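Start from the sequences, fold in the hints, and give me the full structure.
So the chains spell out like this:
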Amino acid sequence: MSRIIKNLGSLRLGRSALENHVIDELLAGRLDRRAFLRHGSRVGMSMAAMAVALKTVGFDPIGEAKAQTGKPGGTIRIALTAPAGKIDPVTVSDQYGLLVLQQVGDFLVLDGPDLTLKPMLATEWKPNDDGSVWTFKLRKGVKFHNGKTMTADDVVASIERLADPANGSNALSAFKGILSKGGTKKVDDETVAFHLDAPNGNFPYYLSSDNYNAIILPADYSGDFEAHMVGTGPFKLEKYTPKVGATFVKNEDYWGGPPLLDKVELSFYDAQQPQVLALLGGQVDVIQQVSVQGSQSLFNNPAVNIIRLPSDAHRQIHMKCQKGPFADKRVRQAMALTFDREKLIQGLFRGWAALGNDSPFAPIFPSTDKSVPQRRQDIAKAKQLMADAGTSGFDVTFTTMSIQELPALASIIKNFGAEIGININLKIEDSGAYYGSAVPGKSDWLDSEFGMTDYGHRGIPNVFLTAPLKSDGTWNAANFQNKEYDKLVTDYVAALDLQSQQEVAGKIQRLLLDETPIIFPFFYDYLTAASPKVKNMQPTAMGQIFLQHATVG
Amino acid sequence: MGSAFGRFLLRRLGLSLFTLWLVSVVVFLGAQVLPGNPGRAVLGPLADARAVAALNKELGADRPPVQIYLSWVGGMLQGDMGESYSYRAPVAPFIGAALVHSLKLVGMIFLIVVPLGVGGGVIAALNAGKPIDRIISVASLSLTVIPEFVSAIALILIFAVILRWLPLSATWPDGAGPLTQIRYLILPALPLVIVLFGYIARMARAGTVEALSSDYTRTAILKGLPWRTVLTRHVLRNALVPTITVIAAQTGYALGGLVVVETLFRYQGIGNLVLTAAKAKDFAMLQAGILTIGAFFIVATLIADCITVLLNPRLRAEMGG
Amino acid sequence: MSAATDTADTAAPLPAPAATKERSTLGILLRSPAFLVGAAIVLFWAFCAAFAPAFVPYDPLADDLLNTLSPPSAAHWFGTDQIGRDVFSRVLVGARDILTIAPLATLLGTTVGTAVGLVMGYFGGWVDAIIGRLIEVLLSLPLIIVALMVLVALGPSTPTVVVVVGLVFTPLVARTVRAAVLSERHLDYVPAAAVRGENALHVMFIEILPNIWPPIIVEATVRLGYAIFTIASLSFLGFGVQPPSPDWGLAIAENYGVLVGGFWWTVVPATVATASLVVGVNLVAEGLQRAVAE
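Chains as they are written, first to last, in numbering that gives the first Met the number 0: chain H, 0 to 552; chain A, 0 to 320; chain R, 0 to 293.
In case anyone wonders, no lab produced these hints; they're calculated from the structure.
Owing to the predicted nature of the structure, the values given are computational and were not obtained by experimental measurement.
Treat the hints with care, since some could be wrong.
[Stated by the list, open to error] List of simulated lysine-lysine pairs, DSS-like, C-alpha gap at most 27 Å:
no.: 1; chain 1: A; residue 1: K103; chain 2: H; residue 2: K238
no.: 2; chain 1: H; residue 1: K369; chain 2: H; residue 2: K506
no.: 3; chain 1: H; residue 1: K441; chain 2: A; residue 2: K278
In structure tokens, the structure reads:
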């Protein structure tokens, strides 16, 4: 015991109050290993320091790169859906474009598959006392593909480019209210400081691989990315053909050591089925993401490995709270109570999903309060709520997109509604038509009384808590207006330690369960399919695939 | 007579250009009511409104619609098809690639359907009234109306899923040789072959029946020419005129029917391109794609009409007179 | 689709106008086995469309998430689909939407097309020239592309599909009717009516129309076949009938993705049903065409 205290004592020396708080929570048993890593990494504790702390309380130290089992060399062929438009780091908005970017570029911070932040181009990061200024130390000796060395100027230019509204960056919505133009400042050649709009306990996630657009480019990047793709990443561009694919060769000068593979080949497809066939036919080695429906021939197949990553990707079913049939919260609760969530997960996802409890707090977030009771199907109670609200049923249109399992799910929701007299008509449209201009009045998404939208995985729940639910949220399709909720979310975002995050989370979860502006029926796993000869490939639920240590055959 | 035909051709060409211009106006007007906006389509639903506005400005998509159209027309007059909003690059290479894909498929279709249809029609005519004629006639009549996606499913099930003779996808691996490409194209080609077989067989049968009962055939037979010579030199030559017309006219149709087949087989052809462009509100791409299809359609019809005029002595005489 | 249909028009001998002997026409029809088979198929599906919901074993919309993609069995004769719905029940009820939308679209197309064709044929001159040019513009694009464009713009819904398919067929009907009017115009009764001082509307709709109905009926039947073809294709592409309807084109689109997994029963019944209906309608149309021609 005394040795442990001594170890910790030396560890605590020179650490900020915040870091010491994380260590305390670990000791008090409020953090398990994963949560400790996650929160320690968030406030910028180095991996080495965390390894020491973990050893002290009996965990294994963090492992180094996995033992290499495959033989080096060769080409890995990855199938993915074609990116929606031009590959430009500033504007890329889908996980397909992200996969291209990620081969040639690096982020300051890596949000790994376990939601733990790891150093990438930044080696360490620290907040000031209230979390309003974050300082990042950069890795030394990192070279761009054009031979130039990366400096603080490149980092400042890359992030400022995203924060400047004139550049039309897709990162603008993530940075909104957090980091504005002019907030990124060079301290010295290897240090950059970020002056935030408001204190934020999770800021490093916004510069991590969670933010598609935040790869670091040379300061003089001019926009012609498809032709050169100069970044600092493990692979260098060989050839890019829009709508067809891209090939990359290994970067011998990669700061993390040269990758084992010689080549990466990305092939674009229009849809899932040809990708499935290509994998079965041996024309590709990996499919970036498969959905359960339509991939049946890959499951229980010895020639295919399915890599399952728990994620917080989900479908939001919004009900307009201000007017119309769902204005009474009892009707919204009744609708939510008709959902048989276990069956949905079984029937639509082979059980590969986690139960949702009508709030964005997915089970994988460490801050989620697991003591909040799970909502389950209860038709009798739903009918009672309808009666209490003074309605015996009504007609309503349910609007959604024709992607993946959404039309099937919509048909099932229609049947759920019928149980309590809600007659649902389906309007299923192309996703472009559904989102429309994505502003109220010009978007079926935001204007529909009742509808369903898909949301991809994020490392932290912040975006899910703000944009679709806060009174002034830009994606607030439910028109949810609740001052108490807004206040709680502001508290949650500013909270720097896990315990206070969990406390606020519990309050938010209970409030949302009561108000039910949005039904969150499940959080489905991210599935990547690969041939068994592919080894040490590391996909994430964001859609990245890390290939530095990967081998084929 | 030559000048008369030249005048006919000039008039038809002029009308065709006028028609294409009208088509471009219709597409332009249609594009105005397409949902969404280009910047939003590129950046996705979750992008900030400021980002969308900035991108629309950069793309020039925030200009008044009439100005967008006029500058597009200006470009077209100089041979510039414009820039794609989605890919922020000239559309010409995209159209070119998609057209090559579609033409390969159309080529494959005609390679199969012309011998089959003509052969079937001639055999039916030579056996007019016999069971074989009935079978061919009923088959061609019934097959013609089966939607491409219905026959495609049946073919996929038989040849790709059960027998596993042919690949299910139309997209061949990168760098595949012509033979591999043909193998990949057979399955996507067959649904349209089935639709077109009926038309061609019917025309070939009608033409052959007419030629068989004509004076010159009877004369040839009376002259004691061998049956084979009569058939090839007199009957077929005359019977095939209307058939060729049908084939030319069907090229345009095939290009339209490709939308379904290309979607089903996820083939990167012109139909697929147009549909994607419409969904993304990619104005220049949409215009170029539709005009390409329209131009093909018009040219195919024009060729069909020219053949008819040139081969039909009565029409030729009318123009000469 | 247009060139294909054009050919069908030119390939068919132009029916003899006027003086149709109804009784003998009916006689010819009843003696044609092809017509009888076609009529039987169409009547079978029409019966299913009207009454199937009353006798199918399962609610065609009821899901069963713990019994998805199960193969044909005694309980589910044609198996179940991806969310556990009974395929047999869905196929029988699936005739309903297409057999409502296609006839409505045909009716619309024939009515408007007849009116336009009458005007073109009767007035001739610049009226004919301008409308003729517009028709040529419309027909210079494959009709399915025109229909798709409009549906992408307006969003799919049953009334939209009826209007779009109906209007897309209008030019073809108009052309046929115009040709028929031209052959009538110079017959004695037309100038006679004009001499009597009847107005143009009266001449067109009261005098000419009754004399050209045989080609219009034939045209409408042919159009009905193509309407089914087009609407099924649109549903397959996601722009026609909307979920959760058991419509065949939609069912094929929804389940086509699992075909490779070996779940053939989710698509084969709808495929056979669609094929039988279009062939049936086509046999009826062909029979009518022959009967009217004789």
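For each hint, the structure was consulted:
1. With a C-alpha separation of about 25 Å, the suggested pair A:K103 and H:K238 falls inside the 27 Å cut-off, and the hint holds.
2. As the CA atoms of H:K369 and H:K506 are separated by approximately 12 Å, the hinted pair is consistent with the 27 Å bound.
3. Between H:K441 and A:K278, the direct Cα distance comes to roughly 16 Å. Compliance with the 27 Å bound is thereby established for this hinted pair.
Going through the hint list in order, the structure satisfies each hint without exception.
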